[in-house]
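Engineer: One line per chain: the protein sequences are A and B, in this order.
Numbering-wise, the first sequence is residues 1 to 266 according to our numbering.
Numbering-wise, the second sequence is residues 1001 to 1132 according to our numbering.
Think of the hints as simulated: they come from the structure by calculation, not from any bench.
If you're wondering where the values come from, they're calculated on a predicted model, not measured in any experiment.
Positions of the beta carbon are idealized from the N, C-alpha and C atoms, including for glycine.
There may be inaccurate statements among the hints.
As the list claims (entries may be wrong) - Each computed DSBU-like pair below joins lysine-lysine, with the alpha-carbon atoms no more than 35 angstroms apart:
id : chain 1 : residue 1 : chain 2 : residue 2
1  : A       : K111      : A       : K11
2  : A       : K111      : A       : K177
3  : B       : K1023     : A       : K242
4  : B       : K1055     : A       : K242
5  : A       : K242      : A       : K11
6  : A       : K177      : A       : K78
7  : A       : K76       : A       : K11
8  : A       : K166      : A       : K76
9  : A       : K78       : A       : K33
10 : A       : K242      : A       : K214
11 : A       : K242      : A       : K165
12 : B       : K1023     : A       : K166
13 : A       : K177      : A       : K76
14 : A       : K214      : A       : K11
15 : B       : K1055     : A       : K165
16 : A       : K207      : A       : K166
17 : B       : K1023     : A       : K177
18 : A       : K207      : A       : K177
19 : A       : K242      : A       : K33
20 : A       : K33       : A       : K207
21 : B       : K1027     : A       : K177
22 : B       : K1055     : B       : K1087
23 : A       : K11       : B       : K1087
24 : A       : K207      : B       : K1027
25 : B       : K1023     : A       : K11
26 : A       : K76       : A       : K33
27 : B       : K1087     : A       : K207
28 : B       : K1027     : A       : K165
29 : A       : K242      : A       : K166
30 : A       : K166      : B       : K1027
Claimed, not checked - What follows is a set of in silico ranges between Cβ atoms, one per label pair, in the way DEER data are often shown:
id : chain 1 : residue 1 : chain 2 : residue 2 : range
31 : B       : S1054     : A       : E192      : 35 to 45 angstroms
32 : A       : Q72       : B       : S1035     : 27 to 37 angstroms
33 : B       : K1055     : A       : D95       : 48 to 58 angstroms
34 : A       : D247      : B       : E1021     : 34 to 44 angstroms
35 : B       : Q1040     : A       : V243      : 19 to 29 angstroms
36 : B       : M1064     : A       : S107      : 24 to 34 angstroms
37 : B       : I1049     : A       : S65       : 47 to 57 angstroms
38 : A       : K166      : B       : Q1040     : 45 to 55 angstroms
39 : A       : D95       : B       : L1028     : 50 to 60 angstroms
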Amino acid sequence: MGRVIVITSGKGGVGKTTTTANIGMALAQRNRKVVVVDADFGLRNLDLLLGLENRVVYTAVDVLSGQCRLEQALVKDKRRGNLVLLPAAQNRTKDSVNPAQMRQLISALTKVFDYVLVDSPAGIEMGFQNAIAAATEAIVVTTPEISAVRDADRVIGLLEANNIKKSGLIINRIRPKMVAVNDMMSVDDVTEILAIPLLGVVPEDEKVIVSTNKGEPLVLSGTPTQAGTAFENIARRLDGEKVEFLDLTVKDDLLSKIKSFFTRPI
Amino acid sequence: MLIELLEKIFPTLNDRNSRQEVKNRLKLILAHDRSDLTPQMIESMRQEILAVMSKYVDLDSDAMDFTLENRSRVTSLVANLPILRVKPEFYTVKGEGISQETPIEDLPEISIDESAIGDFQGTSELRNENFK
Ligand SMILES: Nc1ncnc2c1ncn2[C@@H]1O[C@H](COP(=O)(O)OP(=O)(O)OP(=O)(O)O)[C@@H](O)[C@H]1O
Ligand SMILES: [Mg+2]
Chain A
1 MGRVIVITSG KGGVGKTTTT ANIGMALAQR NRKVVVVDAD FGLRNLDLLL GLENRVVYTA
61 VDVLSGQCRL EQALVKDKRR GNLVLLPAAQ NRTKDSVNPA QMRQLISALT KVFDYVLVDS
121 PAGIEMGFQN AIAAATEAIV VTTPEISAVR DADRVIGLLE ANNIKKSGLI INRIRPKMVA
181 VNDMMSVDDV TEILAIPLLG VVPEDEKVIV STNKGEPLVL SGTPTQAGTA FENIARRLDG
241 EKVEFLDLTV KDDLLSKIKS FFTRPI
Chain B
1001 MLIELLEKIF PTLNDRNSRQ EVKNRLKLIL AHDRSDLTPQ MIESMRQEIL AVMSKYVDLD
1061 SDAMDFTLEN RSRVTSLVAN LPILRVKPEF YTVKGEGISQ ETPIEDLPEI SIDESAIGDF
1121 QGTSELRNEN FK
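All chains should be modelled from the sequences, with the hints used to inform the complete structure.
Structural biologist: Right, here's the structure in full:
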């Protein structure tokens, strides 16, 4: 029986889909059998971030309506055969699927895959209810901004109310320089406020956009990137490894600058 | 530019920074978000609690404090209600009652063993002293 993990946030645009694509790929690189499920019906993105958009034929809605079998709708990744995508329908609304159907679909997937990662849409309405319906674990993604943290908190409450007991926090788009000058909440600030275990920290990184352009998750890139390493570490932690958190603090004060001037290698 | 430099040398100059501000705002708003209590519910709870307490004690209405707090996702109502005095009708030592006459036939009979009186002789003088 595979683990069913929903990636959710409340607020839109904080990095759920980026996280799902990268963690899915990183787990596949660890030879796990992974299916990533796009639960953002009507606004699908996950196929784009994985570069699989041209190979989508059927969607979850087609499976549920009996137009095709489940295995026909699964798109296999060409780089990693043990990663597959279950696409969402683009021409339907979130109300075209209900939680009972999602449970049915995902329970079939857990028989074959080690990990079922469900990319949730923003908000807390029907689409969110569908995304969490079958999940037993959650990854809550937030950025260190007031509205994202408030929405994350709301979602954490709803996850608890829906009996999803195991939640991990990802703080995305952190800017160490802004934290250093007290213009952004730190990882500790956000973790203390939300009071759920920290699963990972992903810095703001332009490479994320480059990777989206190419439809190639960062964890695939040959040259290591900060965000890519962060996602790899998250996948390892999910998989049960103990991995230190990246040190993203900058020593930006005058004293450190003077010190580093005198201590730099000549 | 000069200010920024000074703030970097003396971080304490920058105490009221946006990071501290946003944390304070979030903590307050989340205590309310998490409790699912409307301001009206909090107000009626406050009034009912005060009504119950006022039956027994006089409260210092100026120094009262009634707020929601949240630690590790558990909301508590923190009330500080200074008690000025207990209402007179609840004094544990009552003035009345002592003087009330009990009919003599209701009292238990008191007997005395004359032969045992001598045992207390040593202390009786002392007692008499005290009563002077
Ligand atoms: N660490 C990062 N550094 C830089 N840009 C990022 C980072 N994470 C995400 N982004 C950018 O933020 C945008 C939103 O990301 P993404 O689509 O993953 O969010 P989402 O939560 O899935 O959004 P939605 O709620 O619309 O589904 C994208 O343009 C993405 O490239
Ligand atoms: Mg998304």
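Engineer: State for each hint whether it applies.
Structural biologist: Outcome of the hint check:
no. : hint                                 : in the structure
1   : A:K111 - A:K11                       : holds (32 angstroms)
2   : A:K111 - A:K177                      : violated (45 angstroms)
3   : B:K1023 - A:K242                     : holds (29 angstroms)
4   : B:K1055 - A:K242                     : violated (58 angstroms)
5   : A:K242 - A:K11                       : holds (29 angstroms)
6   : A:K177 - A:K78                       : violated (38 angstroms)
7   : A:K76 - A:K11                        : holds (30 angstroms)
8   : A:K166 - A:K76                       : holds (29 angstroms)
9   : A:K78 - A:K33                        : holds (14 angstroms)
10  : A:K242 - A:K214                      : holds (31 angstroms)
11  : A:K242 - A:K165                      : holds (21 angstroms)
12  : B:K1023 - A:K166                     : holds (25 angstroms)
13  : A:K177 - A:K76                       : violated (40 angstroms)
14  : A:K214 - A:K11                       : holds (25 angstroms)
15  : B:K1055 - A:K165                     : violated (44 angstroms)
16  : A:K207 - A:K166                      : holds (30 angstroms)
17  : B:K1023 - A:K177                     : holds (18 angstroms)
18  : A:K207 - A:K177                      : holds (18 angstroms)
19  : A:K242 - A:K33                       : holds (21 angstroms)
20  : A:K33 - A:K207                       : holds (26 angstroms)
21  : B:K1027 - A:K177                     : holds (24 angstroms)
22  : B:K1055 - B:K1087                    : holds (8 angstroms)
23  : A:K11 - B:K1087                      : violated (53 angstroms)
24  : A:K207 - B:K1027                     : holds (33 angstroms)
25  : B:K1023 - A:K11                      : holds (18 angstroms)
26  : A:K76 - A:K33                        : holds (11 angstroms)
27  : B:K1087 - A:K207                     : violated (72 angstroms)
28  : B:K1027 - A:K165                     : holds (23 angstroms)
29  : A:K242 - A:K166                      : holds (17 angstroms)
30  : A:K166 - B:K1027                     : holds (23 angstroms)
31  : B:S1054 - A:E192: 35 to 45 angstroms : holds (39 angstroms)
32  : A:Q72 - B:S1035: 27 to 37 angstroms  : violated (48 angstroms)
33  : B:K1055 - A:D95: 48 to 58 angstroms  : holds (54 angstroms)
34  : A:D247 - B:E1021: 34 to 44 angstroms : violated (26 angstroms)
35  : B:Q1040 - A:V243: 19 to 29 angstroms : violated (48 angstroms)
36  : B:M1064 - A:S107: 24 to 34 angstroms : violated (54 angstroms)
37  : B:I1049 - A:S65: 47 to 57 angstroms  : holds (56 angstroms)
38  : A:K166 - B:Q1040: 45 to 55 angstroms : violated (36 angstroms)
39  : A:D95 - B:L1028: 50 to 60 angstroms  : violated (36 angstroms)
Checked against the numbered hints given earlier, this structure breaks hints 2, 4, 6, 13, 15, 23, 27, 32, 34, 35, 36, 38, 39; the rest are met.
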